[in-house]
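Student: Residues per chain, in single letters:
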Amino acid sequence: MSDAPKPPPKAPAPVAYKAPELRPETLPERAFVPELLRGLAVSTSHFLRNLLFSRDPSPDVLHRRGPNLVSTVQYPEEVAPYPPGYRGMHRLVPRPDGNPRCVACYMCATICPAQCIYIEAGEYPQDPIEKFPRRFEIDELRCIVCGLCVEACPKDAIRMDTGTHCKPTYDRPTIVYGIDRLLKGPAVSHRTDVWFKREGSDPPADGHGHPIPPLPGEGKS
Amino acid sequence: MPDQPAPPKPPPPQAPAPQPGAAPALVNLVIDGRPVQAKPGTNLIEAANLVGIDIPFYCYHRRLSIAANCRMCLVEVSNAPKLVPACQTPVSEGLKVTTNSPKVMDSHRSVEELLLYNHPVDCAICDQAGECKLQDYYMQYDHRPYRPAQAKLLRHKRKEIGPLVVLDQERCILCTRCVRFMREVAQAPQLGVFGRGNREYIDIFPGQPLDNKYAGNTIDICPVGALLSRDNRFKARAFFLSETPSICAGCARGCNTFLDHYDGVAYRYRPRENDAVNQAWMCDDGRLTYHRLVDDRQTRALAGRVGSGQPRPVDEVVAAAAEKLRPLAGQTGLAVLVSPQLSVEDLLAVALLAREGLSATTIYEGGFADGDQDDLLLRADKNPNRLGLRWVAAAFGLELRPFDAFLEAVDEGQVKALFAAGTEVPKEPSFVAGVLGTLELIVTQAQSFGPLVGVSDFCLPAAPHSECDGSFVNFQGRVQRFQRAYPPREEAQPHWRLAEGFLKSLGFAHRWPTARDLFRELSPRVPDLASFDWDELGPGGRPAPGLAARPAAADARPPGYRERVVTPPWQVKAARTDRPAAQDGGDGAPRAAEPPRDPPPGVGR
Amino acid sequence: MARLFRMLLLGVLIVLGLCAWAWLGYLAVNWLGGVTLGWGWGATLGQAVAAIVFIQLLFVMIVATLLTLAERKWSAAMQDRIGPNRARLPGLGRFSLGGIPHVLADALKMISKEDFLPSQSNRVLYHLAPVLNFAPIFCLFAIVPMGPPVPIRHGFAVLVATLQIANPDVGLLYVFAIASLAVYGVSLAGWASGNKLALLGGVRASSQMIAYEVALGLGLVGMMMTAGTLRLDQMVQTQSQGLFGLSWLPAWGIFVQPLGFLLFFAAAFAETKRTPFDLPEGESEIIGYFVEYSGMKFGMFMIAEFVEIVTLAAIVTAVFLGGWHLSPAIDGGLASFAAVLVRWRFGFAEPTGVLLTLAVMQTAIFAVKVLVLCWLQLAIRWTFPRFRYDQIQYLGWRILLPLGLANVFATGVCLLLDPSLSLLGAVGLAEIGVGIAALLWSGAKSTQPAPAPAHVGSH
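Order-wise, the sequence lines are chains U, V and F.
My numbering puts the first sequence at residues 1 to 221.
My numbering puts the second sequence at residues 1001 to 1605.
My numbering puts the third sequence at residues 2001 to 2459.
Hints are computed from structural coordinates only; laboratory data are not their basis.
A hint or two may mislead.
Taking lysine to aspartate or glutamate pairs in the EDC-like style, the calculated list, with each CA pair at most 16 Å apart, reads [said to hold, decoys possible]:
1) V:1152 <-> V:1106
2) V:1427 <-> V:1374
3) V:1159 <-> V:1211
4) V:1152 <-> U:193
5) U:197 <-> V:1170
6) V:1235 <-> U:120
7) V:1159 <-> U:193
8) V:1159 <-> U:123
All of these numbers come straight from a predicted model, not from anything done at the bench.
Make a model of the complete structure from these sequences and hints.
Tutor: Laid out in structure tokens, this is it:
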């Protein structure tokens, strides 16, 4: 392999950043003490400004004003505003009658990488949507807020648009959110929803003697 | 189909020379360039299956008459100008079949689109989702958006047509498998096709619900979600369920089943094909016996009588009960009651305990009382292992006496104490419990709660057959293995493990790490079991059987994993047993010329 | 602005509290001295006991305890943080009291933690080491005079009440003697833990402390020569005069011996084993000698460190910062103010009362100086990065030691030429001027803009 022709010399690759050259130390710098005192002056100025002046309590740290330099956000008394792209915690979307749009199809539970969704399905006796979640629980401690459940949902029943986050708690069971805490926000309905396609919610007792419901587009004679 | 294993390496694409002297004349044909030899009369779907080629279909079923009305299986053949339905076309000499030409694929796509024309794509609430052929074939052959602008036809969405079956006419694709099943197999034509053309639909006849004993099979054979079970409706999504080969314990037939379970809970039985036992069917009663594996389970060891039993560790209770039993060993006052619900392995251990540990010479037969019987599958004996109990009792020198004799003995005051392996009794349990209340000592091994548990001094939690490996002997004398689906619930243990604990406490040195070891040690005593090879009938025919030759569901398999059983080896090897009743329909015909014994999952439904 | 006023009010309250403490201290010293005198045991015993209570327990320990919190709060302020403010006292609602409940919480934590004993340790020495570390440091404060002596009549006798526990002739030699004992506690703690990393920490500690003992002594020798005494109260007295006869410029040690101050302060700082000299401890990275200690035993190491801070501040105050004196002019003004106060209270300038009032004010001045020095040490600890170990030894042996020798020599020459402190003061002020010039130069140099980073515009 030593006979392999050497690659031609390359031009130095352009670099985006070049480290500044260090200038040689001056005598006072080598004497150390003046530099120590200058450092002390910096500490002292910060100390005095933060000790003597009030802190601007604005939660937006970058826009705090005044001589006080403290940038702490005193959570939970102060809450920093979320960036505009933040989606927040999920919610169960209600349908116009207040029940969840969810039909307990388990798609979210299937795709959830954290396996934090627990669903128990129930059956509506008289509703065109036969299936509903009797229990729909999300373990917010496990949830990684990845949003895959929103992508997987075929019914637009779970969304991440609340802009809030899960509140901390001292009690582990209370952080498993059920339908009562997840179901919130404005109701949503689509043209493809079943209750637009099918008028009555109760089917005939048997198929004989009853006319089959006409097509919505068909003329009713 | 994704479940199909990789096809074997194709031999060179030329028809092999017909072998002179081969007894049945085989037909040579070429499917997709692969040479195939098949018996005359085999249809193209089965012939293609021999070389691992899948032809999609809905209405075809091996055990039903051929309707050829779904048009999904249309293929191109060399002797016809148009596409022909593969299910209805028998093989012929020199035929060239093409199943993947653009013309055929376009046909598949068109048929799929037609079937989806009025199908409400409500997979979100459909229990069939995950095992639905409409879904599978859509993803495989169509995969296009819905074109019609017109609204879909509305029909009855939820009609409970029988005690077990609910019908959704919108989802139906009118393959008429259910109609043909009820007419041909169940011999009870309770379903029919009504209407014409676009408005055609499946329904029951007025005032005549779908209440046949075998109506549940229509749920299995329905390729879409039109016929669904009311029993486990909305209980579990199909794609979460894992299946384990099992045996129905509902009657002495011992139908071969798949037990579908998830996270340690059984959700349903599905029939598994076995020509010698149950073909591809099972009865509704047996279908519902999975509830015994789940409901009212007794999973803690209890000590103390009449409802006052307090949960204690199993070892402690076994030791305490053994101390109470030790002075009674060999006395006539100690009765041993054994249920034929126990597996062969359980019976071997319990018989050893009765014979050696308790020095008994007589045991009494428990088990459920007799019930209905019919010509198809149902047996009057509602216990899966009565023949096994008789074999084992005879081999261990134990006189087997019926349950009535036991009650008489109790009445006459001859029985002072009872050891019961399995609390199933043929009489009303509360009546039996009242009779037994006078006994001094009752030790039971129970899998469910019941009156007998309430009167027990010591009650031990027993695991049913879904939670351990073992075998049953059906009424034909056919030994059939079942496999553990999931680990025992809470503190439950198999009967044989509990019996081992009793033997240990009584000073015997029997140790069986697994049911296999137990069977290896004790089955030589039973001549009827001599020809039965536990391993070869066991875990998938692996060459080196071991502790966990086949991973159980609890062993890190993902939920919804399905065993890919193409040719269940235990059915093939069953022919090796010399018992005439255990003949597996084996007639010595060359296997290659026959359809495989068991189609891949999904085909038989 | 509200916070500014609050802080000023807090400062005034602290000064008033210190005055009250000093007043009670003088009264207690005087009273207990009289009591023991009456018992025939001599006045010194009672005075010392009262001084121990008021100085060691009420001043040193409380200040050291509050310094544990102050270190956290002040470092937070220097780093633009808030610091601990979440511990609350029951019944006070949302008021955090500046984080003072955290001191209580820390104490509770220390006491209730497991008292861990390593299996390979030397049991006796392991238990003894924290005490050996704490006791010498605690004893150091005994010779520090916190206030001027006040003669008070007791019947036929006149007792001199002073806030000083002991006033031996050896004075500063006591400091050297006792301070060097602390190294035993440290090295024994490292050795008795049965942990090789702790042992290494102990070895580092002893080597560092020995290296800086020399500079510690040499830094003070110059001031001893200047004052001509070893006793601290006399050193304070020496610093009460004006330099060059000016009434506004006091002859403080820091002005006549700036180099000595620097040497002593640096060496003493190294003795406290705090950043930048924290190689023996290095809590977070290089494991220190007390790695195996937990609970209150660790607490003794920690509190010893803060007691050492207070002691160092007090000794520096007494030796280099004029003790309770400010300048002759201000001292005179304070005396007049004291006379006015006494006259306003009693109607005439009762001499003992005037002296006592002045002493109380001067004691408060001393205490304030101590507090400021404590703050300075904390500021240094939170400003400077840690030295490398070779740098520490280099600094101790090859910089501080020659500088100390040179300082002793120069001081001797100056005193020989001019027994009054004028020449010494001139030299000292010249040194300070050179230092300030260097500081300004260095500031001018390094505030010039750094060369702009060269960007190669490839994209």
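Student: Any hints this thing doesn't respect? Which numbers, in order?
Tutor: 1, 2, 7
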